[in-house]
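Protein chains in written order, with this note's numbering: chain A, 1 to 362; chain B, 1 to 372.
Hints were generated in silico from the structure; no laboratory data involved. Ideal Cβ placement from N, Cα and C applies to all residues, glycine included. A hint or two may mislead.
Computed far set for chain B versus chain A, every beta-carbon distance over 10 Å [to be verified]:
# : residue
1 : N9
2 : F32
3 : R62
4 : V86
5 : G308
6 : A318
Partial list, derived from the structure: chain A residues whose beta carbon lies under 7 Å from chain B [what the hints assert, rightly or not]:
#  : residue
7  : D34
8  : G35
9  : P43
10 : H174
11 : W177
12 : Q185
13 : L312
14 : G313
15 : R314
Which bits of chain B does chain A cover? Going by a derived footprint, with three or more residues having C-beta under 8 Å, they are [claimed, not checked]:
#  : region
16 : 165 to 176
17 : 183 to 197
18 : 233 to 243
19 : 298 to 305
One-letter residues, chain by chain:
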Amino acid sequence: MARIELRGIAHAYVPAPASEQDYALRPLELVWEDGGAYALLGPSGCGKTTLLNIISGLLKPSRGQVLFDGVDVTAAPPQRRNIAQVFQFPVIYDTMSVSENLAFPLRNRGLGAAETRARVEEVAELLELTPDLRRRASGLSADMRQRISLGRGLVRRDVAAILLDEPLTVIDPHVKWLLRRKLKQVHEQLKMTLVYVTHDQVEALTLADRVVVMNQGRVVQVGTPQELFERPADTFVGYFIGSPGMNLLPCTVEDGAVVVEGQRLPLDAGVCARAREAGGEPRLGIRPEFLRRVPEGTPASVRVEVTQVEDLGRHKLATARLGTQALKVRLPEEERLSPGEACWLELPPRWTTLYAGGRAIP
Amino acid sequence: MSHGIELENVTRVVEGVTHLADINLKLEPGAFHILLGRTGAGKTSLLRLMAGLDKPGRGTLRADGADVTRVDVRRRDVAMVYQQFVNYPSLTVYENIASPLRLAGRLRGQELDRRVRETAAALRLEPYLQRLPAELSGGQQQRTAMARALAKDASLLLLDEPLANLDYKLREELRTEIRQLFRDRPAVVVYATTEPTEALLLGGKTSVLHEGRLLQTGPTLEVYQSPATERVGQIFSDPQMNLWDAELSPEGGARLSPEVAVPLSGHLRGLAPGRYRLGVRAHHLRLSPGGPGDVRIPAHVEVEEVSGSETLVHAAHAGLALTAQVEGVHRHPYGAPVELFAPPSRMFVFSPEGRLVAAPPFSPEAPAHGQD
Chain A
1 MARIELRGIA HAYVPAPASE QDYALRPLEL VWEDGGAYAL LGPSGCGKTT LLNIISGLLK
61 PSRGQVLFDG VDVTAAPPQR RNIAQVFQFP VIYDTMSVSE NLAFPLRNRG LGAAETRARV
121 EEVAELLELT PDLRRRASGL SADMRQRISL GRGLVRRDVA AILLDEPLTV IDPHVKWLLR
181 RKLKQVHEQL KMTLVYVTHD QVEALTLADR VVVMNQGRVV QVGTPQELFE RPADTFVGYF
241 IGSPGMNLLP CTVEDGAVVV EGQRLPLDAG VCARAREAGG EPRLGIRPEF LRRVPEGTPA
301 SVRVEVTQVE DLGRHKLATA RLGTQALKVR LPEEERLSPG EACWLELPPR WTTLYAGGRA
361 IP
Chain B
1 MSHGIELENV TRVVEGVTHL ADINLKLEPG AFHILLGRTG AGKTSLLRLM AGLDKPGRGT
61 LRADGADVTR VDVRRRDVAM VYQQFVNYPS LTVYENIASP LRLAGRLRGQ ELDRRVRETA
121 AALRLEPYLQ RLPAELSGGQ QQRTAMARAL AKDASLLLLD EPLANLDYKL REELRTEIRQ
181 LFRDRPAVVV YATTEPTEAL LLGGKTSVLH EGRLLQTGPT LEVYQSPATE RVGQIFSDPQ
241 MNLWDAELSP EGGARLSPEV AVPLSGHLRG LAPGRYRLGV RAHHLRLSPG GPGDVRIPAH
301 VEVEEVSGSE TLVHAAHAGL ALTAQVEGVH RHPYGAPVEL FAPPSRMFVF SPEGRLVAAP
361 PFSPEAPAHG QD
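Input sequences plus hints: build the corresponding full structure.
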């Protein structure tokens, strides 16, 4: 397994990129530590697959260097990088048995029969494929095929990293849980460097130790799931992570307070000063999960009118009007609140973030 | 005469494989109907049958009281949206929406133009009317396909996992739009999905399908809160419901293991002794007691998944698999001991054959903090 370093990487698909807009991937610096589980998360077209292809060697970047354990591999083709890849659609040989499929990457490299068998059995055990080793791969279920695909990636000891490109997209929700859990367990045991590309925040957050969030060709934040949830560095991260995303309220910044729709909320004076210095449109961010219903007069609270309450089984999701703004509020399932009702919501200061020009003010 | 779509003992077998078995279902106009089931459950088969694309081997299909079982799809008043967005690649968005209207010949000139623009506005497609599908994002393409179906104003509108191929965030936005678009329409709307969360978000009525059989139909929240069988409970839970074998006796309670037994209080009182299956949804298992009656289950952590706002703790106790979905971030190393707490008031009781015997009371008791 390897530590992967991207230095000043940028990529344009057009031959002579003139402006910033021509770059599918804007210049970036990133380090993937040896043994880390990373997710690369972002909407379609954000550049995440481009980045993955640069790591695997399928694509040579327009600019910058790719280092594996300090060695420059920028010009090396995929087969010389020792990368295992798992794609959205499982790549397996239907005419072979499960066991032959798993052994294939080893045979290809001339590993002895005894060691091959030992490795195949080990991986099969890990992925719960042991009872099916002798079955033919054709006609197996989608999740089984994807497990075999994954097994083919894991079977080699010498791989520098495992790259997975949306591997669970074609899997049913109830099996997704199981496969994701399996992958996480396998990572905990083998500690391989893992890069997992997805547009699904739940997959990214639950699987990875660190998540790289991308938008429009840029890396907007790298952090643990907790950091991304609690302290989005960027309004895009606030919006993209969480379901529904963060409430982002246009506001005006005063000394030691912000004013939202005529209602004043105290805020750290230093943060306010830095926000004004930074310039750009100020917004106050708070997640639906952190808003709390409180009695009138509670500090740091605003008066709102409830417009909609949806019962989602395990919790309720309310929409409330604050002046001209709509706020999403997550409420416990036993909370009783009806449309038309007015109530007070607290914005606990430790869970609010002030943004200026889209970036969080520290 | 009854309005809407009615299926009576509908069965369809293809090359010896039963796709649909003995389906009885009534779909009223004006309500949002959800077909919930896993891949291969028969959702698409059922939609195709309603559309008239396929014919049942047995059974009757009625539309507004009239038998339409053998009526060809072209003579039915139906619109369908597929998982794979289908648009005419050489036509602009405007023409994509307009073409079925021109074909039907019911609208022309200004009226047709108005209908196209109104529908496009509802789906936020106005800026793209002159573009070709290839110049649109996936979400916009699917919105175009939906606009075409909506503009037709058919009395039967079928949507087959229309959001499955879209990005997570787009899905979230379109879900809200879909609900608003179909609210108060006089049409029969049927929406197929594999996702419990989607069914809950869209509300309306839900029919649960599994292996070609209709397991349960009812108001969405009612089916969620009172699954008729263990299978329905599993299909309608994400993550899956915890299900444990229990031996019940009046003096010992419902025993899960030598160490753990559930006291028979509330809706569990009065159950006959014997073997049962207990079901608890993952978000009802906690890491600290939520009330004095909670059952303590000592366990070992197998793996944890942190999603930022919550943590999924997968653990094991005496051969039982436990999954808890808890608020906040929690970290335990692999194999660490952990105590999980299960409230008996939230437990489903199923017979060994999987039939629902007792469900938690519908509306939970007044919250402990006693507001209002």
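Tested hints:
Every Cβ of chain A is farther than 10 Å from the Cβ of N9/B; the closest lies at roughly 29 Å, confirming the non-interface assignment. Once the 10 Å rule is applied to beta carbons, F32/B is consistent with being away from chain A; the minimum gap is 13 Å. Distance check for R62/B against chain A: the nearest CB is about 32 Å away, which clears 10 Å, and the non-interface claim stands. Under the 10 Å C-beta cut-off, the non-interface status given to V86/B relative to chain A holds; the minimum distance is some 19 Å.
The claim that G308/B lies off the interface is violated: its Cβ sits roughly 3 Å from the closest Cβ of chain A, which falls inside the 10 Å cut-off. Separation of A318/B from chain A is adequate, the least Cβ-Cβ distance of about 20 Å exceeding the 10 Å criterion. Here the hint on D34/A is broken, as its CB sits about 20 Å from the closest CB of chain B, past 7 Å. A least Cβ separation of about 15 Å between G35/A and chain B goes past the 7 Å threshold, and the interface hint is therefore violated.
Look at P43/A: its Cβ gets to within about 5 Å of chain B, closer than 7 Å, so that hint holds up. Annotation: interface hint on H174/A holds; nearest CB of chain B at approximately 6 Å, less than 7 Å. Annotation: W177/A was flagged as interfacial toward chain B, and the flag holds, the nearest CB pair being 5 Å apart, inside 7 Å. Of the supplied interface hints, the one on Q185/A holds, with its beta-carbon coming within about 5 Å of a beta-carbon of chain B, less than 7 Å.
Nearest Cβ of chain B to the Cβ of L312/A: about 5 Å, under the 7 Å cut. The hint holds. A least Cβ separation of about 5 Å between G313/A and chain B falls short of the 7 Å threshold, and the interface hint therefore holds. Given the 7 Å rule on beta carbons, the hint for R314/A holds: about 5 Å separates it from the nearest Cβ of chain B. Look at the region 165 to 176 of chain B against chain A: 5 of its residues bring a Cβ nearer than 8 Å to a Cβ of that chain, three or more, so the hint holds.
Closer than 8 Å: that is the beta-carbon criterion, and the region 183 to 197 of chain B has 4 residues meeting it against chain A, so the requirement of 3 holds. With 5 residues having a Cβ less than 8 Å from any Cβ of chain A, the region 233 to 243 of chain B passes the three-residue criterion, so the hint holds. Evaluation of the coverage hint for the region 298 to 305 of chain B: fulfilled, as 3 residues show C-beta separations to chain A shorter than 8 Å, against a requirement of three.
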